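A.B. asks: Given chain A, put chains B and C in place with the hints provided.
The lines below spell out each chain.
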Amino acid sequence: MTGLSHEQHQSIRQLAEARVSGHGLGSRFYGDPLLHQADLESIWFRGWLFVGHSCQLQEPGDYLALQVDTEPVIVIRGDDEQLGAFSNVCRHRGTILCSKSAGRIGRLVCPYHQWTYDRDGSLVSCRGMDDDLDTSNLSLHRFAVEETAGLVYVSLAESPIPFDVAANQIGPAATVQGLQRARVAATVDYQVEANWKIVWENNRECFHCNANHPQYILANFDHYNSDDTSPEIQAAIDEATRRSHQRWTDSGLAVTHTSTGMASFPAPGPAGWVTVNRTPLVDGYLSESMDGRQVAPLMGDYADPDVGTLRIRTMPNFWNHSSCDHSVSTRLLPEGPNRTQIQVTWLVDATAREGQDYSLEELMPFWQLTSEQDWSICESVQRGVTSRYYTPGPLSPAKEYNVDALFNWYLDQLTTVGADPK
Amino acid sequence: MTGLSHEQHQSIRQLAEARVSGHGLGSRFYGDPLLHQADLESIWFRGWLFVGHSCQLQEPGDYLALQVDTEPVIVIRGDDEQLGAFSNVCRHRGTILCSKSAGRIGRLVCPYHQWTYDRDGSLVSCRGMDDDLDTSNLSLHRFAVEETAGLVYVSLAESPIPFDVAANQIGPAATVQGLQRARVAATVDYQVEANWKIVWENNRECFHCNANHPQYILANFDHYNSDDTSPEIQAAIDEATRRSHQRWTDSGLAVTHTSTGMASFPAPGPAGWVTVNRTPLVDGYLSESMDGRQVAPLMGDYADPDVGTLRIRTMPNFWNHSSCDHSVSTRLLPEGPNRTQIQVTWLVDATAREGQDYSLEELMPFWQLTSEQDWSICESVQRGVTSRYYTPGPLSPAKEYNVDALFNWYLDQLTTVGADPK
Amino acid sequence: MTGLSHEQHQSIRQLAEARVSGHGLGSRFYGDPLLHQADLESIWFRGWLFVGHSCQLQEPGDYLALQVDTEPVIVIRGDDEQLGAFSNVCRHRGTILCSKSAGRIGRLVCPYHQWTYDRDGSLVSCRGMDDDLDTSNLSLHRFAVEETAGLVYVSLAESPIPFDVAANQIGPAATVQGLQRARVAATVDYQVEANWKIVWENNRECFHCNANHPQYILANFDHYNSDDTSPEIQAAIDEATRRSHQRWTDSGLAVTHTSTGMASFPAPGPAGWVTVNRTPLVDGYLSESMDGRQVAPLMGDYADPDVGTLRIRTMPNFWNHSSCDHSVSTRLLPEGPNRTQIQVTWLVDATAREGQDYSLEELMPFWQLTSEQDWSICESVQRGVTSRYYTPGPLSPAKEYNVDALFNWYLDQLTTVGADPK
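Residue numbers (this note's numbering), protein chains in the order written: chain A, 1 to 422; chain B, 1 to 422; chain C, 1 to 422.
Isolated chain A (complex conformation):
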């Protein structure tokens, strides 16, 4: 494990303290290798990272492989139907065990010399070694893994922070969406030339939506905020909320976000890295689709399409918008200080058949366009914030409260956690 020296921690602490409250972060947070190392230590190699969906890992042997900055990770469904997460690196000579990003395998057989691991990571065969080799110390390096409501998470930490705060929030609210029995309809991978924090800063406000997201703003209320919510807008939200409440009574659903603007996230405290809420859509929109019409069969336990959108977010790498008929997950993975690998995944009900029950042409554009509009902005911000003439500006209290909250959350992780001796 690579750690940071006391001097490096001091240097990071000074940078953090130099931030003016209610303003952005300084240039070094977006490109300096030391800061990136600190981000890895205190956040990426410590928190819970979204990996993918349970429905991608249904059968024993199903796996997903990903790379968290320099770290190859594999998550695999075990023979006992439980998930296991491991370093995707052979204990013999260090070869990547599974080089594809997904698949199904019997045992984990290293392609180099066929060291073979059970689905629980234990070494069961290593031809050519001395008979007295103690293989019990040669299991794959194990990471913590959890799943809740069809979402799979891994933590690379030796002593992970509690996951129950996520399960407690996501489980009750998201089970109705039926992600456990969904199917991946499409996946798009992006390489975005921006620090991962810039992607989150962008995600945590809809101040930019009017000018940049012509599709998104037709369906949603987030781009209005406390300072520009007219009585008409609030009345529309109230009406949408009332309408939904009436329909949802039977199924126990409830709108949990009844105002304009985005739900507060992230927040201080041990549960501050996760949030779930249900939000009404604009009248006429049953789904986050180009024209608001339903574009696939109802998912999960929904009996009526008018369920607004379910939104789940977990720091540092996941958000999801789910409509009645489809669900879109976004997964971030850093690759150095100025690049982020982003995967966007569209899910539909497991029984929906492409070409008959839905088409990708109708399913994908809303979030594909919105995502790509965001990535383009993020790359432009990356170029600007690394200028020596950039001084972090003031944030709008009415519209960028979550960006401020993001910086507070981030600096708290960086200085409190990162300061611990390793």
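Keep in mind that the hints were calculated from the coordinates and are not lab data.
Here the structure is a predicted model, which is why all the values come from computation and not from measurement.
It is possible that some hints are incorrect.
[Claimed, not checked] So the derived list for chain A, only partly shown, Cβ under 10 Å to chain B, looks like this:
| no. | residue |
| --- | --- |
| 1 | Glu205 |
| 2 | His208 |
| 3 | Asn212 |
| 4 | Gln215 |
| 5 | Asp227 |
| 6 | Pro231 |
| 7 | Glu232 |
| 8 | Gly384 |
| 9 | Thr386 |
| 10 | Tyr390 |
| 11 | Pro392 |
| 12 | Pro397 |
By construction, the Cβ of each residue, glycine as well, lies at the ideal position given by its N, Cα and C atoms.
C.D. replies: Quick look at chains B and C alone, frame taken from chain A:
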């Protein structure tokens, strides 16, 4: 602002002092990140940088955007017809304001959240902020900008060196060329894998011309030097000078460089970073074109094509060769220690119509070929000088006096200026 | 010359001492710039590096140019028929003298200003310099060069280690192959994203052959080892050895490797960086070709195709497998800590005519496939060993004895040699 430490200055000074007079620079000057930082501090972020031509910035709102190493800069014509230069970075969240390299705009509106700046850089609109926000401190970071004889310069320094030494030299000599009322006929951008100094070393001698520039040497006398100027050659120069003088008497023009070899540049002292001279062309050459014939209508105040070439150079990033009928500007911008972005621009009289008065096929090859021949050499030099077995060799006193002068000028900037506490 | 500081040597020594015997190397050996610098100093800029074949340098003026990490090197046949090796960098301004990788030249004329060097590296012409310039100090930087049995080697060291240990081993065993009078039939260049040591680790065991080299294992016995050599396998080797011995008696050939597994290499001591042996092929294989049939005319002094394979290896950058009819050389050159440039060259007898006596379709696949199978593995290992969760695993005593020997040899070079003050 990033500064260099006292120890770093000492280290740079030692490297500078280790150079043997009349010889080249050591390897570290061409690839070491510390030296590149010093180049930025003492030269690129301090001197006057050529941006483009006034004729590209004619109307209020016309802008040119460029990147000086990591620094995004925008120059824009204001409502008062004066130019303004600014950091091309929004004071809010750091987004690049203008992502295109040229255009015309009303106000500078950030594409992210529409913070809006007047053409003088002052913040005039920032929706969503508290009413009591003091916007007077949120103008765009302003840089110094100057124009003379149709050439536009910017300095990123807080206290720029005097520009009048450039205006005093370029103005009187170059106004006749009419660059103010010219038009860009073509632009070619190059990414050259060589340190910016190597590009200048190449530019400051014509010792390499015989073997590398078959087009250039037909038109010019520079590739002869004091050691190989035969009486016949000198007679040809004298004849060309006399012929030109007779014709130019009416217009007040004068040949100012009447010998073989290149004009001395750069030079010590506060005016040493700029030079202008008029040079005769070989008999039969009215223009720096492939066959010497005029390839476009006369520019500026010229009544006769036989005006030789006007040559303007300013350290660290500009040179221009102007014939009677067209003008070619070369602009350098560093991008890290071993890459230089180079833009070559061809200008003609504003009234000249492509296809009727000139064709790009006749206008461009002379300087396009010559430029590309040079960039190819520069990339080969970059690979060689970074070898650990490279020892800087002796310069030819007769042919490389300007390369020696360049090194003296450079090291003077680096050690005198760079040593100042910041 | 760049050297390492005392503190850096100490740091490297500690890393070396931390290695557990019989196990792999830690992550830092595969990506850390300091370790790469140490590899260059103690191995690449000190040992003997294979350049190419004498038959590529037959006539005075024939040259081969290559780049050893950052160092451009040229080897040229002199007027006296002796080889010379030089830094491929002009002593004047540092230009690369020969930018092609092979060719024939009269003198070495710098393309920039035509400084001209004789084929012995001495400066014979430098137009434009003062007459009293002492050119005797301006010869090209000379490196040591040797050739033996048609193989050409260079050393960048000021005081190279003895080459005679290589000549004494390679000469007597390899002359019969006739590489001196061979001809290059084909060359393929690869850029492999792996540290050079990973390429050698892969080369030094055939433990991976069963699963990865379906072509190679049909022809060879190396993939069997002491732990899995059945009596039948050993009988086949004995039979092949006996058969070969009988046929070779007249020509003085001898099988020198009569067991399964790979010949021990590298080894401690001054001769440990070179090895040569002759190995029987599986019954039915006369050549390392796809079906074992002879694919080109006999080479060298062979009168009978049944000569097994001759194998030559020299650390740090060469191995060769020669059959009766063709010879395949592999040359490694590092390019930074995580990239290796690899050139594979196929040779046939100088009189063999392509299309008549042999076809590339029959000649190349055996080693082209085997090589590319290896490069793919190496890139996967590079990604894994740089993980922070990678801990070097135990090596198989029966199958990976040479990998262990490689690490011992390597660390010995690094710590003993690298510790010397420079």
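A.B. asks: So, for every hint listed, does it hold in this structure?
C.D. replies: Verification of the hints:
For Glu205 (chain A), the shortest C-beta to C-beta distance to chain B is roughly 8 Å, which falls under 10 Å, so the interface hint holds. Look at His208 (chain A): its Cβ gets to within about 5 Å of chain B, closer than 10 Å, so that hint holds up. The interface hint given for Asn212 (chain A) is met, as the beta carbon of that residue sits about 7 Å from the closest beta carbon of chain B, less than 10 Å. Hint status for Gln215 (chain A) relative to chain B: violated, with the closest Cβ pair at about 17 Å, above 10 Å.
Satisfaction of the interface hint for Asp227 (chain A) is found here, the shortest Cβ-Cβ separation to chain B being roughly 6 Å, below the 10 Å cut-off. The beta carbon of Pro231 (chain A) comes no nearer than 19 Å to any beta carbon in chain B, farther than 10 Å, and the hint placing it at the interface is violated. Restraint check, Glu232 (chain A) versus chain B: the minimum CB separation of about 19 Å is more than 10 Å; hint violated. Because the beta carbon of Gly384 (chain A) sits about 4 Å from the nearest beta carbon in chain B, less than 10 Å, this interface hint is met.
The restraint placing Thr386 (chain A) at the interface with chain B holds, with a minimum CB-CB distance near 6 Å, inside the 10 Å limit. Interface restraint check for Tyr390 (chain A): the shortest CB-CB distance to chain B comes to about 5 Å, inside 10 Å, so the restraint holds. Checking Pro392 (chain A) against chain B by beta carbon gives a least distance of about 7 Å; that is within 10 Å, so the hint holds. A distance limit of 10 Å between C-beta atoms decides the matter here; for Pro397 (chain A) the minimum to chain B is near 6 Å, and the interface restraint holds.
In the structure shown, a violation is registered for the earlier hints numbered 4, 6 and 7, in ascending order.
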